[in-house]
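K.L.:
The chain contents come next:
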Amino acid sequence: MRYHIERACRMRFSTPAREHQVQVRLAPWDDETQSLMRVALRVEPKAEPVAGYDCFGNLAHHFSVLGAHKELSFSLVAEVETRRENPFDFDLVPPERERAWIDDSLRQAPRLWDFVLHRSPLTPDLPDLIFGRATPDLSEGVPIIEQVQSAFGWIREALRYDPRLEPSGDLSSLFATGRGSAADLAHLMIALVRRWKIPARFVSGYLDADYLDDLDGGDTRLQRPHYWAEVLIPGGGWRGFDPVLELAADATYVRAAVGRDADDIQPLRHACLGDGKRPEMDETLSVSRLS
Amino acid sequence: MLKQFQSGATGVLRDPTEGSTMAYHEFYYDDFRPRDHYFPMWDHIQAVGQQSLAAKAREAHLALHTEGVTFRVYADEKEGVERVWPFDILPRLITAAEWHQVEAGLKQRVRALNLFLKDLYHGQRILKDGVVPAELIYRGKGFCREIMDVDPPHDIYTHIAGVDLIRDEDGRYLVLEDNLRTPSGVSYMIENRIIERRILPELFSRYRVRRVEHYPEMLLQALRSLSPRGEESAVVVVLTPGVFNSAYYEHTFLAKEMGVELAEGRDLVCKNDKVFLKTTQGLQRIDVVYRRIDDAYLDPLVFRSDSILGVPGLINAWRAGNVALANAPGTGIADDKAVYAYVPDIIRYYLGETPILANVPTYQMTDHQDRTYVLENIERMVIKAVAESGGYGMLMGPASTARQRSDFARRIEADPRNYIAQPVIQLSRHVCYLEGELESRHLDLRPFVISGRESQVVPGGLTRVAMTKGSLVVNSSQGGGSKDTWVLAE
Chain Y
1 MRYHIERACR MRFSTPAREH QVQVRLAPWD DETQSLMRVA LRVEPKAEPV AGYDCFGNLA
61 HHFSVLGAHK ELSFSLVAEV ETRRENPFDF DLVPPERERA WIDDSLRQAP RLWDFVLHRS
121 PLTPDLPDLI FGRATPDLSE GVPIIEQVQS AFGWIREALR YDPRLEPSGD LSSLFATGRG
181 SAADLAHLMI ALVRRWKIPA RFVSGYLDAD YLDDLDGGDT RLQRPHYWAE VLIPGGGWRG
241 FDPVLELAAD ATYVRAAVGR DADDIQPLRH ACLGDGKRPE MDETLSVSRL S
Chain H
1 MLKQFQSGAT GVLRDPTEGS TMAYHEFYYD DFRPRDHYFP MWDHIQAVGQ QSLAAKAREA
61 HLALHTEGVT FRVYADEKEG VERVWPFDIL PRLITAAEWH QVEAGLKQRV RALNLFLKDL
121 YHGQRILKDG VVPAELIYRG KGFCREIMDV DPPHDIYTHI AGVDLIRDED GRYLVLEDNL
181 RTPSGVSYMI ENRIIERRIL PELFSRYRVR RVEHYPEMLL QALRSLSPRG EESAVVVVLT
241 PGVFNSAYYE HTFLAKEMGV ELAEGRDLVC KNDKVFLKTT QGLQRIDVVY RRIDDAYLDP
301 LVFRSDSILG VPGLINAWRA GNVALANAPG TGIADDKAVY AYVPDIIRYY LGETPILANV
361 PTYQMTDHQD RTYVLENIER MVIKAVAESG GYGMLMGPAS TARQRSDFAR RIEADPRNYI
421 AQPVIQLSRH VCYLEGELES RHLDLRPFVI SGRESQVVPG GLTRVAMTKG SLVVNSSQGG
481 GSKDTWVLAE
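Each protein sequence line maps, in turn, to chains Y and H. Using the UniProt record's numbering, the letters of the first sequence correspond one by one to residues 1 to 291. Using the UniProt record's numbering, the letters of the second sequence correspond one by one to residues 1 to 490.
Treat the hints as calculated values from the structure; they're not laboratory data. A couple of the hints might just be wrong.
[As the list claims (entries may be wrong)] Straight-line C-alpha distance at most 25 Å; calculated SDA-like pairs for lysine to any residue:
no., chain 1, residue 1, chain 2, residue 2
1, H, K56, H, T70
2, H, K128, Y, R12
3, Y, K197, H, D415
4, H, K141, Y, G178
5, Y, K197, H, G130
6, H, K141, Y, R119
7, H, K118, Y, A109
8, Y, K70, Y, R119
9, Y, K46, H, R285
10, Y, K70, Y, L41
11, H, K274, Y, P49
12, H, K107, H, R208
13, H, K141, H, R285
14, Y, K46, H, A320
15, H, K469, H, R208
16, H, K128, Y, P45
17, H, K256, H, Q221
18, Y, K70, H, R266
19, Y, K197, H, Q221
Produce the complete structure using the sequences and hints provided.
P.N.:
And the structure:
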């Protein structure tokens, strides 16, 4: 599938900002599952954005605006072609060999340890019980992919998706309310899978708008970024799982950035001089399917 | 499992107090005769007498006070106290033969650690081969994944290393810690020499002492060799966190001695992946930043976003190869105290050589057997937090209270990766002139290794002295003192 993505942001400061350094992670990935056909970042006031890859392989752009300005805006336009029509298009490793497959992957690619060991307020060690329900352990003899999919139900019971919520900075604090954003549900899935000592990572990206319309009542074309988890599945490599829609990610999911958790891949980081308080932010997103 | 340094030997538990009752004395033989190289000093002390030494000690203190050679000691979390640099007038001597071995050992060690850092932040061959556990690295606070795949000039990460050496009961030099981030103390090494030459010229003339005063030249030359625009046009700055930093004196000293600007983060600005100094004549391009700011505060765009000490955009400029950073970010993983235990293996792995300088045996708290042993013998151990330095986060078992021990035991159980333990080593002793008496005190040595296009060790170092009788804590930040260190020419 081919998508056209436009993402824009406008920052307005109460008093002029100076020496503004900006880094954004908005561009879709370019790998075997999706091809980045075109990408451009426009900045106002004029700047010279530089593109580069971060330590997780995400394409980031950075630029500087040194002169005084009360407003700064940027927009990213990209076209991407996604190819994973069938998220189950791989040969399963027999359950009894899955652990060895994971261990071997960690040996060959030590960078994967980041996605097993990382703990943070967003992806904490989970308690044995949440809301009186036992946190699932990994069962022997059952394919890992099945157990990840079975976890959808447990996540739904622990955290109900609420599209009005902003992502939380502390996953554990949500267990009392039982509600969370897409990012929170993704973090819960990651924390669970890491408890099983299996690599799991956080994904930000874009979703075919029709899905979100369905979720949010279908009354608007207002779009926003989406978040899900990826799990290293024996035989299949990184595979996406969306606990909001309870789906394995297919070609309707466009990946923008991956990290240990959402803090690693903040879409915007910036620093500037000036007396202004935090800027007012306007953000827009448009994802449209071209074919 | 206990990591032991001796060539090839790992994993042998032994009684940590074995042979530790008698500290090596630098000055005396066991029968209290001065060692041969100390005899001229002994002769001098006897000749000048008590009153003269007292006058010299007062003169030294006054000179340090007048010249503002100070150090900030943090008595609690918030307030620092500025103290005159504590200095003992009697120098420590190192023979040419001893130094030859120390120098070779330091160069070997730092070369291997730079290769290790290059590998960790690129192909990670040593982890794939299982020589160092990947889990240990990825649990380490000093591991800086943000700099993966960046190529620093000459593939050097730690341009300035301050390696803490001690001597065991047999007088053998051991490495206690590798300080590879922003080690301090070198300005005091030079100040000690300047003072010593002034107050004890007669004694100085009786020895052929190798120079240390050229350290700033050596450092500047090494820093310039990192410049992306070539050595000739290299513009270097020292980046300091500011006046409240405990080593601010040193930052000003080095900038002055090298003849380069001392800058705070707000004095620098990045534009299109280049770093500039704001001057009254406009922006001046910077090629090399000798930074004395910790990684976490270096660039709010990449590390802690609340840092106001750093320079936004600095890491992108470094990544683009438009500026050199000394030391490079990410060196903290190689002086992590749990990784330290693997340094002998690291030397063998990259260099195929036997380590010249040995480690102190180290117990890993992530190892169940080691942890059990240490917790049962905690009063005989030194416990250290792996990512701390300056004597912070440390328990000195024999001098600890029951409450401190139980507190550390709890901390170890809660986060074993964050701690290691070592048997108490009786640091070597040396004669000091303290309040009118000749007293013996424990000491260590921090020599400095500079790595630019080539690796050099300044012949000397900072000798730190535990000023309290019997104490083994020499850290300046914990109230330790110092001596001039004389490396003798052949």
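K.L.:
Of the hints stated earlier, which fail here?
P.N.:
Hints 2, 4, 8, 13, 15, 16 and 19 are the ones this structure does not satisfy, whereas the remaining hints hold.
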